[in-house]
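**Q** With our numbering applied, the sequence shown corresponds to residues 60 to 277, in that order.
Honestly, I wouldn't trust all of these hints.
[Said to hold, decoys possible] Simulated crosslink set (DSS-like; lysine-lysine; CA at most 27 Å straight-line): (1) K255 x K206; (2) K229 x K166; (3) K206 x K225; (4) K255 x K121; (5) K126 x K166; (6) K206 x K121; (7) K142 x K255; (8) K166 x K211; (9) K121 x K142; (10) K225 x K121; (11) K225 x K235; (12) K236 x K126; (13) K121 x K229; (14) K142 x K274; (15) K232 x K126; (16) K166 x K232; (17) K225 x K211; (18) K255 x K166; (19) K136 x K232; (20) K126 x K211; (21) K236 x K225; (22) K225 x K274.
[What the hints assert, rightly or not] Simulated restraints, written as ranges between beta carbons of each label pair: (23) D230 x G138: 40 to 48 Å; (24) D191 x G138: 39 to 47 Å; (25) Q129 x K211: 32 to 40 Å; (26) V131 x S237: 35 to 43 Å; (27) Y203 x G138: 17 to 25 Å; (28) S258 x G234: 38 to 46 Å; (29) V214 x G234: 42 to 50 Å; (30) S237 x L210: 33 to 41 Å; (31) S192 x N242: 17 to 25 Å.
Bear in mind the hints are in silico, worked out from the structure with no lab data behind them. Predicted model only: the values in this text are computed from it and were never measured. We treat Cβ as the ideally placed atom computed from N, Cα and C, and that holds for glycine.
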Amino acid sequence: MNRRPLPVAAALTAAAALLLTACGSGDDSPKGNNKIAGADSSATAKPASPSASPSDTAGRPKITLAKDMQNVFEGGKTGDPVKDAILHDSSQRISSLDDAINARSLKRPAFGFYNAEDAALSAAKWVQGFFDSGITWTGRVRYYDRKVTSLKSNVATLTYCSDESKSYNKDLKTGKKSGEVANSADSLVFYNTRLKKNSDGVWQTTDVFSQRGSKQCQ
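Let's have the full structure, built from the sequences with the hints guiding it.
**A** Quick look at the structure:
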């Protein structure tokens with residue numbers, strides 16, 4: 060099976076071995092002048108209301124992926140409008156990284172709209188790795204077992220798994236695909252994320268922990 064690089068955050072030992080396996084600790088800013096658009100957004104927010112579903116009034120930016128990039132998000136409708144809003148904004152945050160990879164720019168509005176604090180820094184480093192290596196990704200990534208495990212006022216914890224077995228790295232010049240793994244379990248990644256609701260009602264991801272090959276996703 061094949062996979063694309065591990066998104067956003069992973070063990071530093073893995074980052075040392077493979078450039079695109081992780082974003083690292085987030086201590087280093089991206090190279091050049093590719094400033095993150097909207098990343099200074101405040102995460103200070105009003106208390107979550109019962110009708111906290113995603114709102115068009117937040118001026119949500121458009122996300123555009125390449126035709127051969129497909130993210131599939133399972134679940135998302137819990138019956139609780141607050142949890143549904145968290146799940147929605149988390150999925151948009153994931154796609155915002157791929158939007159930046161596709162556009163070859165960290166200035167994409169969605170990137171800073173859905174990413175904040177440490178998550179924004181580590182995500183920027185990860186995306187920059189694609190730019191520096193001259194690659195993108197192609198195929199299908201499935202996100203499943205998405206659960207809001209904690210919710211207190213404007214702060215939430217969300218866990219989920221991804222299956223990257225049908226996705227690949229792709230060289231932009233040659234079109235050649237890569238990313239084979241010997242163990243199929245390495246295509247499965249567990250995520251534990253923290254989100255904060257900002258003053259515009261957007262649930263921004265602020266922290267991400269990930270573990271490839273986790274038994275929780277098998």
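**Q** Compare the structure with each hint and give your call.
**A** Here's how the hints hold up against the structure:
In summary, the hint linking K255 to K206 is supported, as the alpha carbons are separated by about 16 Å, within the 27 Å threshold. Only pairs whose Cα atoms come within 27 Å are accepted, and K229 paired with K166 is accepted, the gap being roughly 22 Å. Pair hint K206 plus K225 holds up; C-alpha atoms about 23 Å apart against a cutoff of 27 Å. Pair hint K255 plus K121 holds up; C-alpha atoms about 21 Å apart against a cutoff of 27 Å.
Of the pairs offered as hints, the one joining K126 and K166 holds, with about 21 Å between alpha carbons and a cut-off of 27 Å not exceeded. The hinted pair formed by K206 and K121 meets the criterion: a straight-line CA distance of about 25 Å does not exceed 27 Å. The suggested pairing of K142 with K255 holds, with an alpha-carbon distance near 12 Å, which does not exceed 27 Å. Annotation: proposed proximity of K166 to K211 is violated, straight-line Cα distance about 31 Å (limit 27 Å).
Restraint check: the Cα-Cα separation between K121 and K142 comes to about 22 Å, which is no more than 27 Å; the hinted pair holds. Taken as a hint, the K225 and K121 pair is honoured in the structure, with Cα atoms around 25 Å apart against an allowance of 27 Å. A threshold of 27 Å between alpha carbons decides the hint, and for K225 with K235 the separation of about 15 Å falls inside it, so the pair holds. For the hint pairing K236 with K126, the CA-to-CA distance comes to about 16 Å; that is within 27 Å, so the pair holds.
Taking the CA atoms of K121 and K229, the gap is near 24 Å; set against the 27 Å cutoff, the hint holds. Taking the CA atoms of K142 and K274, the gap is near 25 Å; set against the 27 Å cutoff, the hint holds. Of the pairs offered as hints, the one joining K232 and K126 holds, with about 17 Å between alpha carbons and a cut-off of 27 Å not exceeded. Distance restraint check for K166 and K232: the Cα-Cα separation of roughly 23 Å lies within the 27 Å cut-off, and the hinted pair is therefore satisfied.
Taking the CA atoms of K225 and K211, the gap is about 36 Å. The hint is violated against a cut of 27 Å. Distance restraint check for K255 and K166: the Cα-Cα separation of roughly 22 Å lies within the 27 Å cut-off, and the hinted pair is therefore satisfied. Between the alpha carbons of K136 and K232 the distance comes to roughly 40 Å, so the proposed pair goes past 27 Å and is violated. Restraint check for K126 and K211: the C-alpha separation of about 38 Å exceeds 27 Å, so the hint is violated.
Restraint check for K236 and K225: satisfied, since their Cα atoms lie roughly 12 Å apart, inside the 27 Å limit. For the suggested pair K225 and K274, the alpha carbons sit about 19 Å apart, so the restraint of at most 27 Å is met. Roughly 44 Å separates the CB atoms of D230 and G138, a value that falls within the hinted 40 to 48 Å. Between D191 and G138 the Cβ separation comes to about 44 Å, which falls inside the hinted range of 39 to 47 Å.
A hinted range of 32 to 40 Å holds for the C-beta pair Q129 and K211, which are about 34 Å apart. The supplied range of 35 to 43 Å is broken by V131 and S237, whose beta-carbon atoms lie about 22 Å from each other. Range check, Y203 to G138: about 18 Å between beta-carbon atoms, so the 17 to 25 Å window is met. S258 and G234 have their C-beta atoms about 44 Å apart, which keeps the hinted 38 to 46 Å range intact.
In this structure the hint that V214 and G234 lie 42 to 50 Å apart at CB holds, the actual value being about 43 Å. Restraint check, S237 to L210: a C-beta distance of roughly 40 Å satisfies the suggested window 33 to 41 Å. Evaluation of the 17 to 25 Å hint for S192 and N242 yields a pass: the beta carbon distance comes to about 23 Å.
Of the hints listed earlier, those the structure fails to meet are numbers 8, 17, 19, 20 and 26, in rising order.
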